[in-house]
Each structure stands twice: as structure tokens, then as C-alpha cells.
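Q: Chain by chain, the residues:
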Amino acid sequence: MINWQSNVFPGVLGRTCDRPCEPACRRGRVEDEPVAICRLKRVAADSKDDISDRLPKPAAQKNGKRIALIGAGPASLTVARDLLPLGYTCVIYDADPFAGGMMRTQIPKFRLPERVLDEECGYILGLEPETRFGQKVESLKAILAENYDAVFVGCGAPRGRDLDIPGRKEAAEHIHIGIDWLASVSFGHTTKIGKRVVVLGGGNTAMDCCRTSRRLGGEKVDVVVRSGFAEMKASPWEKEDAMHEDIPIHNFLVPLEFVHEGGKLTGITFEKVKAEYDAKGRRKLVPAGEPPVHMACDDVLVAVGQENAFPWIERDSGVEFDEWNMPKVDPVTLQSTHPKVFFGGDAAFGPKNIIWAVAHGHEAALSIDLHCNGKDVTVRPSPLVNILSQKMGIHEWSYDNDVSLDLRFKVPHAPKELTLKDVNMEVELGFNRELAFKEAQRCLNCDIETVFEKNLCIECDACVDICPMDCITFTPNAAENDLRGMLIAPAKNLTQDLYVSPELKTGNIMVKDEDVCLHCGLCAERCPTGAWDMKKFYLETAKAHACSR
Amino acid sequence: MTYIAKPKLHHPGLPTNALGFTRRDYEGRISTLCAGCGHDSISAALIQACFELDIEPHRVAKLSGIGCSSKTPDYFLGQSHGFNSVHGRMPSVLTGANLANRELIYLGVSGDGDSASIGLGQFAHCMRRGVNMVYICENNGVYGLTKGQFSATADKGSKAKGGAVNTDSPIDLVSLALLMGASFVARSFSGDKKQLVPLIKAAIAHRGSAVLDVISPCVTFNNHAGSTKSFDFVRDHNEAVNKLDFVPAKKEITVDYEPGTSEVVRQHDGSFIKLAKLHPDYDPSNRVAALTYLQEREAAGEVVTGLLYIDPDTQDLHEHLGTVDAPLNRMTEDDLCPGVDMLETINAEYR
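As given, the protein sequences belong to chains A and B, one line each in that order. Anchor point for the first sequence: position 335 equals 335 in the numbering used here, and the numbering is continuous, going up by one each time. Anchor point for the second sequence: position 176 equals 176 in the numbering used here, and the numbering is continuous, going up by one each time.
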């Protein structure tokens with residue numbers, strides 16, 4: 001339930017998330033790899049029993065407020081999930097006949113099986129929103145005219161960028177826009193592709209395109225990217241997965257021309273470039289001065305980025321747009337310049353990822369709830385916080401403080417011979433329970449705080465001696481910059497605040513550098529007076545459904 | 001009641017010494033002493049000292065008797081040799097080991113009960129003989145393992161946790177060591193690693209009997225008001241006679257010092273001890289003066305710490321006995337049984 005509460009789509013995100021949390025994981029500070037947070041969320045979602053009786057029920061009584069949600073993607077569904085239990089009437093519009101948005105149309109089923117998406121969208125549809133699926137919204141003014149109390153725009157970034165180079169028009173039959181082609185595959189309209197496929201672009205969409213091609217008859221699939229390998233936008237693991245499926249990635253090639261014979265595509269020519277950096281470190285791609293490279297192919301998939309497009313929002317509707325043709329949206333409240341219109345997901349600030357869309361959804365739902373109650377949307381309710389000692393007995397804690405030394409475990413994959421034959425067969429098998437448990441043991445329990453009580457300390461040094469990471473120092477006081485260098489292990493990570501006590505009996509102070517603390521609790525176990533305690537910190541960001549309880 | 005093992009993970013910036021070891025490589029098993037025990041701080045100081053001296057762990061032998069203090073060799077230098085001997089008998093077992101293999105570094109770890117009560121005779125004789133060792137007495141003034149009765153080093157008038165007042169005179173191991181001929185005598189405090197670590201390093205480099213009396217508060221039975229071995233009492237009454245810097249043999253002394261305020265002592269192995277004088281009149285090379293000074297200051301209620309006496313040019317047991325340079329345990333049968341002819345020759349010398 002914790003997984004579902006803020007994540008909304010744990011099964012989906014546990015398979016497809018861009019994992020902005022993992023670079024932040026502190027395990028990465030003490031060894032090479034962070035905890036596999038993303039895939040652990042998947043295991044938690046996959047291993048649950050029936051949870052239907054724990055989920056919120058459709059509101060017994062409607063509050064009379066009506067909200068229009070444009071697009072049935074992750075952002076809109078999150079708004080619906082937060083507002084429906086409060087009694088709001090949510091009307092979800094989408095041009096496609098199903099809920100899910102880009103999660104359904106752009107993510108191939110071998111990465112995200114349909115049943116997972118259906119289940120998690122189903123929890124929200126079970127809260128009984130009104131759905132207008134298959135109905136494309138053509139005018140914001142028309143929507144506003146229906147007297148909704150608020151409108152949420154979560155229509156994504158639906159336009160794939162095109163590549164306007166010679167031959168594009170003539171050979172159009174075998175040149176496809178990546179996200180449109182993926183959607184067409186998803187709905188079963190496209191089932192085949194040529195034997196030789198070139199995918200242009202280095203993002204995650206390009207990776208999905210090339211891997212899907214391999215399953216639809218592409219025998220020789222190549223990815224061609226303008227930039228170098230390291231600067232590619234695709235997540236490292238998605239590049240790995242593509243290469244594992246025998247898809248080479250060619251770098252520093254800029255497309256020059258689609259070559260065709262009487263309108264039938266025969267290949268592409270590229271110019272070889274190299275990266276040059278100016279004095280400010282900015283990269284520029286300059287011609288390498290080598291002859292052009294030709295690649296023969298039957299089909300090309302263009303996955304060079306996505307754009308926002310709001311042809312349906314009239315420019316005099318009250319929603320103002322900026323110089324880049326993006327709506328002006330407050331980054332905190334997600335309110336546009338029209339007080340009733342809110343944005344979220346890719347529609348708000350351009351293409352990001354699902355977890356951002358969910359985060360926007362929560363915040364927008366909160367704004368909408370405030371707005372509908374006549375309150376100021378800029379006054380945000382504070383999050384729920386709680387801190388509680390975890391001591392259960394002598395050397396006994398309510399959390400597992402024994403830190404595992406294991407390195408990150410790999411998620412098992414189904415054999416390539418099978419997965420390449422079926423576009424719907426999920427590649428990642430997920431951790432089994434044993435592996436998941438071991439991986440979870442790598443967690444450094446960052447929710448557990450070491451809390452120091454100055455009046456109890458007798459300065460016996462026991463915590464200093466036992467600390468495996470040399471986090472704790474007793475020292476005369478000094479200015480922070482000097483203090484950082486005076487510690488047993490100098491505190492070099494300036495983004496990590498020092499934990500400093502008031503002056504102790506001897507005149508020294510206690511300084512703890514939290515940077516690489518394992519939360520093993522040995523300082524508290526070794527403390528004869530209980531001056532150290534391990535306390536669990538719990539934070540729940542304010543959400544519409546929680547606030548009105 | 002069991003601790004988790006100390007995680008092997010360490011700070012990414014943890015320094016290594018000349019051997020490529022980190023300080024963590026000199027640790028032992030996790031301590032089973034009471035949380036906050038002064039003895040654990042002494043173990044940590046020993047770990048730090050051995051790390052800084054680039055000592056190869058397998059060149060160290062740790063010997064101890066019985067008691068809380070004598071358990072501690074399990075908690076440092078996990079890769080060194082260790083022998084947990086009979087109560088109070090660590091000095092004779094260590095003497096034997098030293099005679100058999102003179103090449104190891106010997107750390108004798110004992111406590112006030114082990115050294116000043118049951119093992120007092122052993123302590124005295126080992127000093128007399130000049131066994132090349134570091135004798136560390138982890139001194140807390142109580143019998144911790146038997147619930148905190150006064151030990152022989154408890155000061156007269158000191159109060160037990162239950163309120164009883166000690167009426168017996170204390171044994172001062174530092175004075176006794178000076179009387180018995182120890183050639184390196186120091187006192188320190190477990191709560192002051194800045195003083196303790198250089199003292200341990202200097203003691204390890206010293207050839208001969210080096211005694212370190214380390215006051216180590218027993219947090220469970222002897223850290224209350226009225227105790228003279230508590231953290232608070234020792235901090236309030238600590239009078240350091242000097243501040244010591246140890247400079248190992250391979251390094252040049254580059255630090256300037258002003259004569260009169262500090263002095264440099266050159267040890268047998270080529271290392272130096274730089275002493276900053278905190279008491280201008282104190283002379284650590286004068287045994288008689290040291291004894292007098294100690295008696296005076298202790299009568300005044302002070303706990304005198306620092307390097308109290310050093311004789312860098314002393315001889316150790318092996319020199320007294322005229323043993324061969326090669327360790328005895330490496331003698332082959334040919335060396336030890338040179339044959340009938342040699343026996344005849346030797347016997348003839350005594351006829």
C-alpha cells in the first residue's frame with residue numbers, strides 16, 4: 001500500500017521507470033551501485049495478494065464538483081485517483097479507446113505486459129470516473145463551456161519530431177515516426193517491419209523502437225546516434241538491453257539524406273562528426289572530414305525527440321503561452337494563467353518521465369482541491385512527518401541494522417531465443433522473493449536517523465571507536481569550513497550538512513558527517529548512556545486525499 | 001545481547017599505510033565488553049598506533065591474563081598472534097615467548113586486578129629483568145567481572161558504586177615500575193587518544209620493559225561521583241607533564257623545537273620522541289626525581305600523566321643473558337645438538 005500510495009503505478013514504474021531515485025541512493029556512496037529500488041518496487045507490486053479491500057472505495061456521496069481531465073495518461077489518472085475518493089466527479093477524455101496514455105501506446109509490451117497496466121489503471125477506473133474514451137478534445141473553450149470546476153491537462157507530448165532531410169517526402173512509405181509507430185504496434189495495426197531497419201535517435205524511444213523491430217522481423221537492426229555513446233539520453237540499462245539483443249549502436253553520425261529508388265527507400269547516408277569542446281566546456285559536433293557513410297536499409301524509424309503540441313487550446317482561452325509555445329505553468333501549484341486550468345506530466349514542462357507525471361498529478365490534485373474549496377493554491381499544506389525511536393531492547397532494533405555486503409543483484413531475463421520471437425513476451429522476469437530480499441538487504445536504511453542527546457553524553461569515545469565509516473568526531477568547535485577538515489574523515493561532500501551538537505562538558509562538540517553513515521546503529525549500541533538513539537523518520541507529502549481526511 | 005559484526009564497509013577516503021593496510025585491517029572481533037568501556041578506547045588507540053607504525057600484524061604477539069582487560073586482545077589486531085594465559089601469569093608466559101622468539105613485538109595486556117593483585121610478583125620481576133615488551137595495564141580500580149569490588153589500585157577514600165569507602169592503600173603501578181627498573185614508564189587516560197597513541201608508538205619502539213598505566217573508567221561499576229577513576233574525576237585532575245610526538249626511525253626530524261621548552265630523545269631503533277614540556281622542571285630521564293615528583297603530586301590529588309621516565313640506552317633481557325642474535329625457535333637440531341665432541345669441550349671448561 002505504501003508503494004501504491006505515492007507511486008500510483010508501482011507495477012508499471014517498477015518495470016519502466018527512469019529511476020531518478022537510484023543516482024540519489026546512498027548505497028552508491030559506499031560502493032559502486034545503488035540499491036535496485038525500481039525493480040524492488042516491481043517485486044513488491046507483483047508479490048502482493050488481493051488488495052482490493054484496502055483500496056479507497058468510490059465516494060459514497062458526490063460533492064458536486066466536476067473536473068475535466070484531458071488525456072488518460074499517468075498524470076490525469078493520478079489526479080483522478082486523488083480526487084475521486086473525495087467525491088469529485090472526474091471526467092476523463094482520451095482520443096484512444098483505453099486508459100494508460102503513453103504507458104500503453106509507447107512502452108512495448110515486452111517491457112510492460114498489458115495485464116500489469118490494466119490492473120493498475122483498473123484500480124483508478126474502479127473509483128468510477130466518467131470516461132469519454134475515443135473522444136479527441138478539439139477545443140479547450142468547448143470544455144470550459146461545459147462549466148467544469150477545474151480542468152486538468154495531462155495530454156502528454158504527443159508529437160514525435162520529424163527529420164526534414166532530402167528524400168524524406170519521396171521515401172515516406174518506409175520512414176516512420178517512432179512514437180506513432182510504437183502506438184500502431186501496441187494497438188496491433190502494425191505487425192511487420194523490413195529485414196534491415198535503421199533507428200535514428202539515442203533516447204529510450206529509440207531503444208524501444210529497435211527492440212520492437214527485432215521482434216517484428218527486423219534481422220539487422222542498427223541504431224544511429226548523432227552524439228557519442230556516453231551522452232545518449234537513453235538509460236544505461238536500456239542501451240545494455242538493446243545491445244544484448246544484437247543491436248549495434250553507431251555514434252557520431254548525422255543523417256544527410258534518405259536514399260531511394262523511385263520512392264522506395266534503399267538506405268541512408270550519414271556524415272561522420274566529432275565532438276569539440278569550447279572554452280566553456282560546451283560540446284559542438286563538427287564534421288570529421290571523412291567520406292559519408294551509407295547504410296542500406298528497408299525501413300527507418302525516426303526517434304529523435306518529442307514535442308508538445310496544443311493545437312486544441314485556443315490562444316485566447318485565458319491560458320497564456322510562452323515564447324517556446326509552451327503554456328505558462330506554475331512549477332509548484334501547476335496552475336496555468338487561467339485559474340481553472342491546471343497542467344501536469346509531459347504537457348506541463350515538456351517530455352520527462354512517468355514518475356514526474358505522477359508527482360505532478362498529486363500536486364495538481366491538491367491545487368484543484370484547494371481551488372474548489374475557495375482556498376489559495378499557493379498555500380500548500382505541510383507534509384506529515386513523524387520521528388520515533390526504534391529501540392526494542394538491548395542491541396535490538398525494530399529495523400534490520402545488519403548491513404549486507406552483497407553487490408547489486410542482476411534481474412534475471414527470459415532467454416533471448418524466446419523473447420525475440422514474441423513482441424508481447426516480457427523480457428525481465430523480475431527478482432524472485434529470495435533475490436529481492438537479498439537486494440533489499442543492501443539498503444542503508446536512510447529513514448533511520450542517528451539522534452544525539454547532548455546532556456546524556458559522557459564523551460567516552462565509544463561511538464567514535466565503533467563507527468565503521470568514521471562519521472563521528474569530538475572536536476573543539478570551529479567555523480563549518482574548518483570543521484569539515486578537522487574530522488576523523490574530512491567531510492568533503494558539501495551538499496551533506498553536518499550534524500553538530502551544542503558544547504559538551506569538556507568544551508568539545510560532537511560532529512557527525514552523515515555522508516556515508518550506514519545506520520548500522522553501532523554508535524547507539526555502544527553508547528553506555530543512550531546519548532545516541534536510532535529514530536525512524538517518516539515523511540508523507542501532502543496529498544489531496546490524505547489532507548481532507 | 002549480541003552485537004552485529006562491525007560492517008566491513010569503510011569510508012571511501014580511508015587512508016592506507018606503507019603496507020597498503022587501512023586502519024580497519026588492524027581491528028579484531030567486535031568487543032563484548034560493556035558499552036562505553038574505557039578498554040575499548042585503548043584497543044582503538046592500539047589499532048591506530050600499529051596502523052601508523054606500518055606494523056605487519058603477523059609480527060606482533062598479544063599476551064594477556066584474566067579479566068576484562070585481558071579479553072581485549074581479541075578486539076584488536078585480529079591477524080596477530082595471541083595467548084590468553086593464566087590469571088596474573090601473563091608476564092612469565094610472555095617472557096618465555098620472548099626468549100623463544102626475540103623478533104616479535106610483544107604486547108602484554110593486563111588490568112589492575114591481573115597486575116596489582118594476583119600478578120603483582122610477576123609484574124615486578126618482569127620489570128626487573130627488562131623483558132622487551134609493552135606492558136599495558138588497563139587500570140579501572142575495580143573488579144569489573146565480579147561486579148565492582150575495589151581492586152588494589154583503588155585510591156584510599158574512593159567510593160564504590162554502592163557507597164562503601166575504600167580504606168586500603170593503593171598500589172601505584174607507575175611508582176612500582178620505576179622502583180623495579182622499568183626503562184620506559186608512562187601514564188595515560190583512555191579518554192585522551194591524542195596522548196595515548198604517541199605513547200603506545202614510543203613504547204613499541206622502546207627496547208626494554210615499557211610500562212603504560214592507562215586509567216580506563218569502568219562505565220558500569222566505577223564511573224560515579226566519589227570514584228577517582230571516573231571520566232569526570234580524571235578529566236578534572238589530569239596533569240600532563242609533557243606532550244609527546246613520536247617520529248619513526250625512517251623519518252627526519254624537521255620540526256624545530258626550542259630548547260628548554262621541549263627536548264628530543266633518540267631511541268635505540270633510531271626513532272625519536274619529541275617531548276614538549278608542560279611542566280618546565282620535569283625531567284623524564286631522572287628516575288629518582290620522577291619518583292619524588294609522582295609522590296608529591298599524587299599527595300596533592302593530581303593524576304600525573306605523560307611520559308614519566310625513559311632510559312633509551314638500557315639493555316634488555318636478551319643482552320643480560322647473552323643469547324644469540326637468531327631467535328631460539330629457529331635453531332635447528334644441528335645448532336642445538338652440536339655433537340659429543342662439542343659437549344666434551346664444554347664440559348672440559350668446567351673441570
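Read the hints as simulated data drawn from the structure, not as lab findings. Hints are supplied without guarantee of correctness; some may be wrong.
List of simulated lysine-lysine pairs, DSS-like, C-alpha gap at most 27 Å [as the list claims (entries may be wrong)]:
#1 B/Lys8 x A/Lys536
#2 B/Lys243 x A/Lys505
#3 A/Lys535 x B/Lys6
#4 B/Lys71 x A/Lys438
#5 A/Lys492 x B/Lys8
Q: If a hint holds in the structure, say so; if it does not, say that too.
A: Checked hints:
1. B/Lys8 x A/Lys536: Distance ~24 Å between B/Lys8 and A/Lys536 Cα, so the pair holds.
2. B/Lys243 x A/Lys505: holds (22 Å)
3. A/Lys535 x B/Lys6: holds (20 Å)
4. B/Lys71 x A/Lys438: Between B/Lys71 and A/Lys438 the Cα gap is close to 35 Å, so the pair fails against 27 Å, i.e. violated.
5. A/Lys492 x B/Lys8: Holds, at roughly 22 Å.
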